[in-house]
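Assemble the whole structure, with the sequences as input and the hints as a guide.
Number of protein chains: 2
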Amino acid sequence: MSFKKVKGGVCAPQGFRGGAVSCGIKEVGNPRDDLALIYSDHPCVSAGTFTTNRVKAAPVKVTQAHLRAMDLRAVIANSGNANACTGVPGITDARQMAKTVASSLGIRQREVGVCSTGVIGLPLPMQRMEEGLHTLPTKLTRDGGRQVAEAIMTSDTTVKEIAITATVGGKKIRIGACAKGAGMICPSMATMLCFVTTDASISKACLQKSLLEAVEGSFNRICIDGDMSTNDTVLVLANGQAGGKPITRRSKACREFSEALQHVLLELAKACVRDGERVSKFVTLNVQGASLYLDAKKVAEAIAKSALVKSSWNGGDPNWGRIIHAIGYSRARIREELIDIAYNGKAACEGGLMAKTPLKTLRDIASRDQFTITVDLHLGKADYTIYTSDLSPEYIDFNRSEYAYWKNAGID
Amino acid sequence: MSFKKVKGGVCAPQGFRGGAVSCGIKEVGNPRDDLALIYSDHPCVSAGTFTTNRVKAAPVKVTQAHLRAMDLRAVIANSGNANACTGVPGITDARQMAKTVASSLGIRQREVGVCSTGVIGLPLPMQRMEEGLHTLPTKLTRDGGRQVAEAIMTSDTTVKEIAITATVGGKKIRIGACAKGAGMICPSMATMLCFVTTDASISKACLQKSLLEAVEGSFNRICIDGDMSTNDTVLVLANGQAGGKPITRRSKACREFSEALQHVLLELAKACVRDGERVSKFVTLNVQGASLYLDAKKVAEAIAKSALVKSSWNGGDPNWGRIIHAIGYSRARIREELIDIAYNGKAACEGGLMAKTPLKTLRDIASRDQFTITVDLHLGKADYTIYTSDLSPEYIDFNRSEYAYWKNAGID
Numbered sequence: 000m001s002f003k004k005v006k007g008g009v010c011a012p013q014g015f016r017g018g019a020v021s022c023g024i025k026e027v028g029n030p031r032d033d034l035a036l037i038y039s040d041h042p043c044v045s046a047g048t049f050t051t052n053r054v055k056a057a058p059v060k061v062t063q064a065h066l067r068a069m070d071l072r073a074v075i076a077n078s079g080n081a082n083a084c085t086g087v088p089g090i091t092d093a094r095q096m097a098k099t100v101a102s103s104l105g106i107r108q109r110e111v112g113v114c115s116t117g118v119i120g121l122p123l124p125m126q127r128m129e130e131g132l133h134t135l136p137t138k139l140t141r142d143g144g145r146q147v148a149e150a151i152m153t154s155d156t157t158v159k160e161i162a163i164t165a166t167v168g169g170k171k172i173r174i175g176a177c178a179k180g181a182g183m184i185c186p187s188m189a190t191m192l193c194f195v196t197t198d199a200s201i202s203k204a205c206l207q208k209s210l211l212e213a214v215e216g217s218f219n220r221i222c223i224d225g226d227m228s229t230n231d232t233v234l235v236l237a238n239g240q241a242g243g244k245p246i247t248r249r250s251k252a253c254r255e256f257s258e259a260l261q262h263v264l265l266e267l268a269k270a271c272v273r274d275g276e277r278v279s280k281f282v283t284l285n286v287q288g289a290s291l292y293l294d295a296k297k298v299a300e301a302i303a304k305s306a307l308v309k310s311s312w313n314g315g316d317p318n319w320g321r322i323i324h325a326i327g328y329s330r331a332r333i334r335e336e337l338i339d340i341a342y343n344g345k346a347a348c349e350g351g352l353m354a355k356t357p358l359k360t361l362r363d364i365a366s367r368d369q370f371t372i373t374v375d376l377h378l379g380k381a382d383y384t385i386y387t388s389d390l391s392p393e394y395i396d397f398n399r400s401e402y403a404y405w406k407n408a409g410i411d
Numbered sequence: 000m001s002f003k004k005v006k007g008g009v010c011a012p013q014g015f016r017g018g019a020v021s022c023g024i025k026e027v028g029n030p031r032d033d034l035a036l037i038y039s040d041h042p043c044v045s046a047g048t049f050t051t052n053r054v055k056a057a058p059v060k061v062t063q064a065h066l067r068a069m070d071l072r073a074v075i076a077n078s079g080n081a082n083a084c085t086g087v088p089g090i091t092d093a094r095q096m097a098k099t100v101a102s103s104l105g106i107r108q109r110e111v112g113v114c115s116t117g118v119i120g121l122p123l124p125m126q127r128m129e130e131g132l133h134t135l136p137t138k139l140t141r142d143g144g145r146q147v148a149e150a151i152m153t154s155d156t157t158v159k160e161i162a163i164t165a166t167v168g169g170k171k172i173r174i175g176a177c178a179k180g181a182g183m184i185c186p187s188m189a190t191m192l193c194f195v196t197t198d199a200s201i202s203k204a205c206l207q208k209s210l211l212e213a214v215e216g217s218f219n220r221i222c223i224d225g226d227m228s229t230n231d232t233v234l235v236l237a238n239g240q241a242g243g244k245p246i247t248r249r250s251k252a253c254r255e256f257s258e259a260l261q262h263v264l265l266e267l268a269k270a271c272v273r274d275g276e277r278v279s280k281f282v283t284l285n286v287q288g289a290s291l292y293l294d295a296k297k298v299a300e301a302i303a304k305s306a307l308v309k310s311s312w313n314g315g316d317p318n319w320g321r322i323i324h325a326i327g328y329s330r331a332r333i334r335e336e337l338i339d340i341a342y343n344g345k346a347a348c349e350g351g352l353m354a355k356t357p358l359k360t361l362r363d364i365a366s367r368d369q370f371t372i373t374v375d376l377h378l379g380k381a382d383y384t385i386y387t388s389d390l391s392p393e394y395i396d397f398n399r400s401e402y403a404y405w406k407n408a409g410i411d
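Residue numbers (numbering that gives the first Met the number 0), protein chains in the order written: chain A, 0 to 411; chain B, 0 to 411.
Hints may be right or wrong, so weigh each one.
List time: in silico BS3-like cross-link candidates among lysine-lysine, alpha-carbon distance up to 27 Å [stated by the list, open to error]: (1) A/Lys406 - B/Lys345; (2) B/Lys355 - A/Lys406; (3) B/Lys203 - B/Lys251; (4) B/Lys355 - B/Lys380; (5) B/Lys269 - B/Lys380; (6) A/Lys345 - B/Lys406; (7) A/Lys355 - B/Lys406; (8) A/Lys406 - B/Lys359; (9) B/Lys171 - B/Lys269; (10) A/Lys3 - A/Lys171; (11) A/Lys359 - B/Lys406; (12) A/Lys60 - B/Lys355; (13) A/Lys203 - A/Lys98; (14) B/Lys60 - A/Lys355; (15) B/Lys269 - B/Lys6; (16) A/Lys203 - A/Lys60.
Because the hints were derived from the structure by calculation, they are not lab data.
Structure representation (structure tokens):
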């Protein structure tokens, strides 16, 4: 299947509009947008996946409830404050965000998804957001996709948006999406904010199934620091404006849609890794030859989360010893003497021992901005791929203190 | 129970001698000792605990086999090379180390424990070690404890040794010990090299039980980077020279011995955290009020391993939001609205919400070299304590490359 990239991001599919305003949530007086709205002029079917963290932010709880009750056709999202660990007032604030927007848009409160990202534990500055929540619905435009993508950024340094056309069930459809996420990226569920729109005509069952599959193949396979956020959310809205009979589950068209959706999400997931907080390498980690899928996954995640392995990537050191030691504590079934490890196909370790490839060759590969590590366990046929990054001194430095946020919120 | 510190480290108990030589394992021509030997002039009972990493270094496999067959009365250890992922030749080398030393000492090969620590994947430079292995047994002295402790150091910046006298079963006994370990420190089994000697007269059953308990309460409760080595080993040798009837299991004396041993190991374990590679904080993490012991442990380990939490400690940021987010993904049973988090007893989070303690008070505590974080889940009575550290930009920088080792070994 081939996809054609188009412009417009999350507003590229027909019938979607977006916009953003600045409410001083990130910083009082800072003109950067921090409140974004996506809206479909037509009713949608919708689906979502959420963080599996047991500490869930208020907007996650509210959006999950809304999704259970109705289909979403709008998403209101703020950056700069996660509205997490904010108790009952936090729930009230998240509901109020949906309510204000819904009333301006003339839709029901439960048709609005709510998302927040930023610092944990601070109440939302609802007073400062009041005006923005009222005026934003009047400022939506067909080319507001970029504005939305920019407004949800926190520590992100690049805008993450994509839109494609694809032929699904013989019909040309569009999928648009934007995402944010730079730290707290870990393989387990959604792992950041991502909003997807499509004009495909699709059944709810097919949409849900496609989303779960696409997230499993994309956002669940990236790892920056091994942490998992309280706010991770992926929402998809489909308004059917491309026309035609709804794509139903178990159809060829559903598989085609699923593939297109995964392509979109994987592009964004990789963009999140590339933009990992102050990291410098993009590493594709292929684990092959495991007895079980879960073993392949355990091995990949142990390697991708090891501080020592990630430090060596930062230094361009093809340190297969640290990789094999992480494989050893992954709890997967392994046999040390069967393990092969290669950098861009060049053997670093064969049968658990140092391979004959000159160290210089391996060092050349490991010093590049991106490379692929292949681990073959030679026990079976299961495999798993993770996209991950190094861990840099700058990452630690960048994450040393959130004091500025607290000070900005008047807490000292 | 009170213990009195004495001098002499691992050679403090009666009948033990030690020594070390330089073989150029760490670096050719480097005069730093890198081969150490501990020997008891009398037969011993012995016990050991080892890494649970499925990739085990050759010396671990060899020492486990020796311990199954006989009681150890000598330990030969080298630093600079882990003899891990070295295949059958690695096993041969480890056996050869034991054999050479045993023959000089006039004891059996299987009475010698073998340990290695350093870089993974390189063969031991046996040729350079040959002379040292032969001459070291002739250079042992009663005051060689310090030399042994220094010779096993790798990235350690402080010597880690201790010796105490204790009254066990009415008899005065001595316990001496030394340890190394600065990176790759993670709660799960032994986690570094540690050699313990005692002149207590003790049954093998009591010694084994005491060691397992003491390791569980010490080395299994420290965490620097969440990595687990291929070589971790704790060995204890008891030669009975303090006299008296052997201490048997289930006796009051066995409990007293166990307590004394745990005191010794906990001191060394804490010293390892304090000397964590380029880290700056010593954090005691108490998790209380869990339903189950395993829940308390999961919560403590999730916090202690979180790169984001550790970064905030580095910055002196009392960031309870990151702590609660780690609690949320720990997979322990929790209720967000019941969680309290305190720094040195000052509430940072109460009932899952920001507490009223002024931020300045918390920042003052978090900016100290050491502080205690208490997490109360308010669900039950189970608790767990971990000793851990921050993660620093310098840690990453320090671990970026092991190329110097490889170059030193002639591999380029």
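The hints, checked one at a time:
no., hint, verdict
1, A/Lys406 - B/Lys345, "holds (20 Å)"
2, B/Lys355 - A/Lys406, "holds (15 Å)"
3, B/Lys203 - B/Lys251, "holds (16 Å)"
4, B/Lys355 - B/Lys380, "holds (26 Å)"
5, B/Lys269 - B/Lys380, "holds (25 Å)"
6, A/Lys345 - B/Lys406, "holds (20 Å)"
7, A/Lys355 - B/Lys406, "holds (15 Å)"
8, A/Lys406 - B/Lys359, "holds (11 Å)"
9, B/Lys171 - B/Lys269, "holds (26 Å)"
10, A/Lys3 - A/Lys171, "holds (11 Å)"
11, A/Lys359 - B/Lys406, "holds (11 Å)"
12, A/Lys60 - B/Lys355, "holds (25 Å)"
13, A/Lys203 - A/Lys98, "holds (24 Å)"
14, B/Lys60 - A/Lys355, "holds (25 Å)"
15, B/Lys269 - B/Lys6, "holds (19 Å)"
16, A/Lys203 - A/Lys60, "holds (21 Å)"
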